[in-house]
Each structure stands twice: as C-alpha cells, then as structure tokens.
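Asks: Chains as they are written, first to last, in numbering that gives the first Met the number 0: chain C, 0 to 485; chain P, 0 to 485.
None of these hints come from the bench; they were simulated from the model. All values derive from a computational prediction rather than experimental measurement. A hint or two may mislead.
No distinction is drawn between identical chains; accordingly, a pair holds when it is met within one copy or between any pair of copies.
Stated by the list, open to error - Subject to a maximum C-alpha distance of 25 Å in a straight line, what follows is the list of computed SDA-like cross-link-like pairs (lysine to any residue):
#: 1; residue 1: 70; residue 2: 187
#: 2; residue 1: 241; residue 2: 311
#: 3; residue 1: 5; residue 2: 32
#: 4; residue 1: 51; residue 2: 423
#: 5; residue 1: 51; residue 2: 199
#: 6; residue 1: 399; residue 2: 206
#: 7; residue 1: 91; residue 2: 478
#: 8; residue 1: 319; residue 2: 459
#: 9; residue 1: 7; residue 2: 378
#: 10; residue 1: 241; residue 2: 88
#: 11; residue 1: 224; residue 2: 356
#: 12; residue 1: 91; residue 2: 21
#: 13; residue 1: 70; residue 2: 82
#: 14; residue 1: 5; residue 2: 210
#: 15; residue 1: 319; residue 2: 113
Residue strings, one per chain:
There are 2 protein chains.
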Amino acid sequence: MVDFSKMKAAQGFFAPQRFEADVLDCETSGSIPTELDGAFVRLGGEWYYPPKFDNDAILNSDGHISSFRFKNGRVSYKSRFVRTPRFEANLKAGGQQFGYYRNPYTDDPAVQGLDRTVANTTPFAFAGRLMALKEDGLPHLIDPNTLATVGRWNFGGKYKGPHFTAHPKVDSDTGEMIAYGNEANGLAGDEVYVATIDKKGRVTHDTRFTVPYVSIMHDIALTEKHIIFPFAGYVTSSERLKAGKIHWGWDNSKESYIGILPRGAEGKDIRWFRGPLRCMMHTFHARTVGDKVIMEAPFYDGNFFPFFTNVDNSPWDRTKAKGYLRRLTFDLSSKHDGWTEEILFPTPIMDIGAIDRRYLTRDQRYVFTGFTDLSKPFNVAQGGNLQGRVTNCYGRFDVKAGQMVSMFAGETHSLAEACFIPRKGGDEGSGWLIGVASNFAEMRSELLIADAERLADGPIGRVLLPFRAAPQVHGTWVENGELPFA
Amino acid sequence: MVDFSKMKAAQGFFAPQRFEADVLDCETSGSIPTELDGAFVRLGGEWYYPPKFDNDAILNSDGHISSFRFKNGRVSYKSRFVRTPRFEANLKAGGQQFGYYRNPYTDDPAVQGLDRTVANTTPFAFAGRLMALKEDGLPHLIDPNTLATVGRWNFGGKYKGPHFTAHPKVDSDTGEMIAYGNEANGLAGDEVYVATIDKKGRVTHDTRFTVPYVSIMHDIALTEKHIIFPFAGYVTSSERLKAGKIHWGWDNSKESYIGILPRGAEGKDIRWFRGPLRCMMHTFHARTVGDKVIMEAPFYDGNFFPFFTNVDNSPWDRTKAKGYLRRLTFDLSSKHDGWTEEILFPTPIMDIGAIDRRYLTRDQRYVFTGFTDLSKPFNVAQGGNLQGRVTNCYGRFDVKAGQMVSMFAGETHSLAEACFIPRKGGDEGSGWLIGVASNFAEMRSELLIADAERLADGPIGRVLLPFRAAPQVHGTWVENGELPFA
C-alpha cells in the first residue's frame, strides 16, 4: 500500500507525482533561441514513499533529476528518479525504511549500514560527467542522455571523504574544482575534508580541518586565492542522534563562523572569523582584492527551515526566515576576527540564484535570483494561501551599481531557482535567464526563457509541460560538448 | 513550434499530455487483489502534433499504449507512444504532415507513400505477442515490458491483407483467431480479406469477399460455426477521397448489412442479411444455436461520430447517437434476408465493454459495460458541461435474466471501457471488473477494481495515477504467461 492520504502537504498542486516522464518534443510558446544547444538539468526531491516521521525534513526526500534538452529551437524533456541504494531498497520493500534526515538510528533494521543519501540537491557537470549531489553522500553519476543512474563516484577512489558537497566550486579561469564534505570523521564529527580536483577529474590536493562546532556547511565561495567556508546556527551531536532526533537543530545562542583557507594550503591554515548569528546556506560569489576577501551571499536573518526546530523549543519565527543580498568583507591584514556586512538591496530574495559562471572567481557584477513583488496581482484560487509567498519575479541585481531590473513571471505563477546561460563571446551577464514556474491556474509547469539583458521585457519564450514538473532544488545549464549529449 | 493554443477541445482535463510516463510503484487505496498477476494494457490516441484540419477525426490521432502491471498486490504503470513510421516522420519534422483520416490525398508531399496508420485502437495479446491494432494498417508489435514499438507484423508474411482489424476474435475453445481487413483491394475498395490464425500464430486459412457497399467494418462476432460481419451507414469512394474529404461520411439512405460466413468457408459463401439503418460499430458476443445465429451488440440508433458528417449535409443528430444492448437473431434455415432485433435493456449504454472471454464462442450470459445514471450526483465545476454525458457507472447486464447490477464510480468521475478479468477456475462472470476513471476534481485518473459478482458494493481498490491518464479506446487484461512479463 502506497498511501499518501495522511500527508496534508501533498495536496492540489503539491499532490504526489512519483512518475518519470519523457516529452519528445515539447509544446512551446513565443520563441526558443536556436543558439541554445545543451540541457537545463534540474534536481530536487520528492517522497517516493511517505516519510516514516511526519515532521521529517523534505530535504530527506528521494532525488529526482530532470532535463530540458534544447537543440535547433526544439526542446525535449525527461525526468527520472535517482536510483540510489536507498531508493532501490525502498522500492523492493514497497515502503519507507529510512528514518529522519541524517539519523541512521531511526532506520529499520533491514537497511542498517546502507548508504542513506537521496542525492536530491544539485546536478553538476564536471570533467565530462553528470553528477547528482547531496552533502550527506558521494556523487551519483547520471547518464546525461537517459538520466539513468550509473552509480556512486569518488573520483576513482581519490576523493577520500565520505561526503561531497552539493556546491563544489569551479575556478572560472583554471577549470579546477574545489569540493568538500563535512562530518568527514563520522556521524556528527567535527572534521571537514577538502579536495582540489583538476579539470580532468583528478584529485590533485586534499586536506582536512576541524570546525569550531559541527553545523550545516552547505555552500562555500571561491576566489582566485581563497576558499570561504560559512556556517551558523545549526547544531548536532551523537547524543541528539542517539535520542532519535532529526540531524539538525537550531541554536539561537550560537555565533556565525566563516573560515577562510588559502587555496592549496593545509587545513591547519584555515582562519576563522566570527559574527552575529545568521542563517548561512548559499553564496553567490566572492573575490580577493589585495588583503580583502569580499563575498556576496543571500544569508537569512535566522533559521530558515521549520523542520530543524529550535533547540530551546521556541517556535519557528517566520519573520526571521528572510534572506537579503549581503556583502561580507574580511580584512586578512587585520587581527580582528570579525567582518563587515552590508545589505545591498532592501528586497528580500530567494537564497538560491545564478551568476555568470564564467566570472565565478573574477570580479563580478551581476546576481540573478527570485523575489516576491507584492505589488503584482496573484490571481489563482488554488494558490490563495500562497499569496505573498510565491516567487513571482526574477531580478538581475547589479552589485556594483546597486540597481535591480526584474521580470514578472505572471499572476498565476511561482518561480524556482533561476539559471543563467552565457552567450558565447558575450560579456558578464550577456545571455539568457531561464527557470521553471509552477502555473497554479493550469496545474502544470513552464520553463520561462528571458534575455538576461532585457528582463523587463518579460519572457521571450516558454516551454509548456503537460504536468506539474518534477520537483527542483537546483538546476544547471550544460552546453553540448561539456557532456556527450546525443 | 508545437502550438496547441488553437485547439479548443484541448483544454482543462483534456489539455494535451503528449508525455510518456513510468510509475514504478503506484499509489493505491483499498485493496489490490494479490491473485492478479498480469497487466491491464490500454491503447488510445492523442494528437502528438495538432491535426492539419480542425475537423479531422480524433480517430486519426497518434497511438499511445499504456500498461498497469499487477504483481503481488502492487501495481506499476508505464505509457509510450506507438512509434509508427508516421509518428517518427512527424517527430523528425516537428509537425503534422498527415491530412484527414484515411485520406492520403491530403498529406504533405514529403510523406506520400508512407504507412499512415496511427495504431491507436486495440491492444491485443496473441500467440505470445502484444500488438497495437488499428483497422487501417497492419499490427504493430509492442514489447510487453518496455512498451517499445518493435515494428509492423504480418504473421511472417502469411497474413495477406493490407489492413488488420482492431477486433480480431479468438475462439474460446480452440484458441484460433479470426482476423480481417477491409478495403483489401485498395483505397475505398470493396474487398474484405479474412484469415484464420491458429493459436501459435500460423495463418491456416484465408479468403476474400466483396461487400454490398464500402463501409466501416469495425468489429465482427464469432460463434463456434460462424463469423458475423456487420456494417451500416458509413460510406466512402475514390471520388470523395480525391476531393480531399475525410474518409467516411454517413448516408441516412443506406440499409444495414450483416454478412454471415461459415468458419473455414470461402468468401463466396457469405450470406448477406439486410435491415433498417443502425450505426453498428462493436459487438459483444454471439452463438450458433441450431440453425439460428444470435448476436448481442451495442448498436446505435444512428451516426455516432460527429466528425463523419452526413453526406446529405443534414446536421449531426445527437439524439440518434444512443446505443442500446440489442439482440439480433438470424435464421439460417429461412430464405428471408432480414433479422429480428430486440432491445434487451432500456438503458442507453457505451458501445464498448467486456465479456468473459472464456465464453466468447459459447453460450453467454453477461455483458459488462458503462452507462450514465442520471440520478447520481455530478459534482465538479470543471466537468460541468459534461453533466449527463459522463459514464458514471459500470453495469453487469445479464442477457438471460434481463437483470442489471451496477457500480457507481463516484460523483467526480467518468469511466472508460470496462475490462473483465476472469478468476481462475471460476464460472462465467467470476472475477474482477476494472477500468480507468477520469477524476475531474483532482485532475488525475484512477484505475478502479471491483469484484465482478459484487458490483453494487463499489470498487474494492483503486490505483491512483498522479496525472490525467494516457488516452484510451480499448483495453485488455493479459495474464502473466500469455506474454513474457518481467
């Protein structure tokens, strides 16, 4: 019995989907740029079987990868579950055998010792391979054409950590990747493993460091010279896990920490900065300018995840789950262990978005991300309770000029993460901005395509899916040639 | 550009789907009988690209095959387009190149001479093979596990007709199949080809006969001794086709014809009976009793298909598009060329349904089909204009006792064709009745499962699809072993 009737969140537009789909030649409207030859690959999570615990984190749901393949002005679509050992074990049993997020003590005895990762966070193309990433496991290789799961990948045994971040960073000049994994010395352990991997996929350097306290380390930032490791607020411990709780809680008594490690250095050389408590999940980009390291990132005021409850048992505070585009500046020449912080725009934004990856380790100007324009109409009965919480616009945020240009998705739409596609030979920000929107009115999803330099003109084209699209956390544009597309 | 915006019928629940899906382990409710080991295979048509002509017949839309695989109380689902040469040609071109239903004169020059069939009517398992059938072409073999199209099949070159009916009949005692195809001597031709194929798939006998006038011959009936060929009303001609019209028109001036051919006889031995004009599409079953041939069939009062317009240009008459369960009796010992007809039940019914196939050529008692119970509530805004036209009940019609027992599907549901699954070792009618319902309220489809001997108790179980199901004309239950299921 696969019974979702008790999952209250799984209703209407958010009803279980649990299917794998192929659309050979998608319905479209407007114009599909013929310059686009590649795929927009998306990864997210859906409960294939209902969770064992109603209050588990959606982060623990099964990875589902999907791809919009663009070629000659036509688009095909494909989606598949990531066939992790966990997914296969559940499928065989016909039900959920795994307990809370990152807590193996809550699993059924039958699956003790099995890899628990759901590989549901980031699709990443690197060194000719497509990987499904999640920070609690190793990459799963995915066939870029069939989206079939090939299996786990640890770079031929040379990546020595047990976990691999969902957000490795690739140097935009050298093509070198920096990856890492936390809890590298065991469950709730305080060690972080960091590896440098060259553009051919060979691990060329690795090291380890310990953290001031064990926390989510979801993303890093990379400059020509430095790796920046932020974390804050979330806490765990062996005792907590043995008590059968979800992996992370939020501790309002903690400070934020940001470690800066010179590239190529050993872990012991990391320098820790401390600051007031924020929720620090994703970064946008960073640069080293002389003795200064400058990072722009969409940090929240406080705990963003209601399912990672406060350890002091205080209720989750929605008003603190607000992200802003912040600039953090670290002065490496100073002995002061703090940083300066500015909020660059008054608009609360999604904490996920896109930059022009060709400029990742360079001096950057643009951030593309979603936000809610409350002045726009929201005109769908089914989505009524989402009023004010839909992401109805994408914006191009110019962090140099402090200017923002926006695209409205439509009054019945809510947007997922934006993705930037660079135009060959163009300057930073020249290209297209794409992203998937839920269309509540028609109970289906659309991929919107805009000229990234003319967002205010609105989408130039749309790919119309015949169903509610597979779930998404992150997406990536992959040029034909980066992966061997058919 | 795949643009459906101008197809008015393709809205809401009937919006284009155009996707292929896999659900590895379907959501269910109630109870799924563990005795069921096999697959419910369904075939229907959907426009992959909009038709060239707005008033074309939906019968001309692309074949889409789907399967609910039952095993150990669990159900998986799969659907695929039938990859006919026509589908492949359109996919390559990115648009519709084929004109009106069965009129090659209206095709684009690029596809002249290509097989035009869309293979969209009946899935049929025979001699270890799964076939997608449509009366304007040869069978397409389908892999029963992947639903991939293997290719056309003419029984190793031994089936000599150009077309193969969507409704071959299999003798319930010998396992022998009778198949046929009309227009066997060319477009609008008056010859019908008939073949007998043994249970191993070998053609053991074939013959030809000519018809009084060229018409749709969609279905036949089979007894231990006779093959019954009904046709009526629909007309065509070379002139009509060269004038660029859809293949069939309806001629109110015609009579109905029913040919009876002794099994194993030559075509010249067919005996034609004539009667008042009906619309005769499907049959349920028949039997030979002494000199009498008795057939039960769901014939309509008049033209059922609005897209096959009346040749006298009179408007389509919805009131005549009503089917009743009729008994037709032919006296072979009489020289009279007519038949007697009774309407067995006053309830208008769907003209498609199911019998217990173990009794196809025997004396039969039960017909299972859908009908509209107007006394039941219909409670969905989205389906409001369908009030009175939804099939909200399945009935078991006892043609011996004249009794009917019914199952109500639900006030937000409309049913497709019923399918009967026999219980091993049970008598006629012992088993399950299954069928797919559109659930307008939830914009998704369900497979309903009922105990065929306890219809009034309602469904005992449901398989809940996460989307509007692939379109269906006919479906069939295939036991594991009949086809080599994984």
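Asks: The structure should be examined with respect to each hint, and the outcome stated for every one.
Replies: Results for each hint:
no.: 1; hint: 70 - 187; result: neither (46 Å within a copy, 42 Å between copies)
no.: 2; hint: 241 - 311; result: within (19 Å within a copy, 82 Å between copies)
no.: 3; hint: 5 - 32; result: between (44 Å within a copy, 23 Å between copies)
no.: 4; hint: 51 - 423; result: neither (48 Å within a copy, 38 Å between copies)
no.: 5; hint: 51 - 199; result: neither (41 Å within a copy, 50 Å between copies)
no.: 6; hint: 399 - 206; result: neither (35 Å within a copy, 84 Å between copies)
no.: 7; hint: 91 - 478; result: between (36 Å within a copy, 22 Å between copies)
no.: 8; hint: 319 - 459; result: neither (36 Å within a copy, 49 Å between copies)
no.: 9; hint: 7 - 378; result: both (23 Å within a copy, 23 Å between copies)
no.: 10; hint: 241 - 88; result: within (23 Å within a copy, 61 Å between copies)
no.: 11; hint: 224 - 356; result: within (17 Å within a copy, 76 Å between copies)
no.: 12; hint: 91 - 21; result: both (24 Å within a copy, 16 Å between copies)
no.: 13; hint: 70 - 82; result: between (27 Å within a copy, 21 Å between copies)
no.: 14; hint: 5 - 210; result: neither (40 Å within a copy, 60 Å between copies)
no.: 15; hint: 319 - 113; result: neither (37 Å within a copy, 64 Å between copies)
In terms of the numbered hints stated before, the structure departs from hints 1, 4, 5, 6, 8, 14, 15, listed from lowest to highest.
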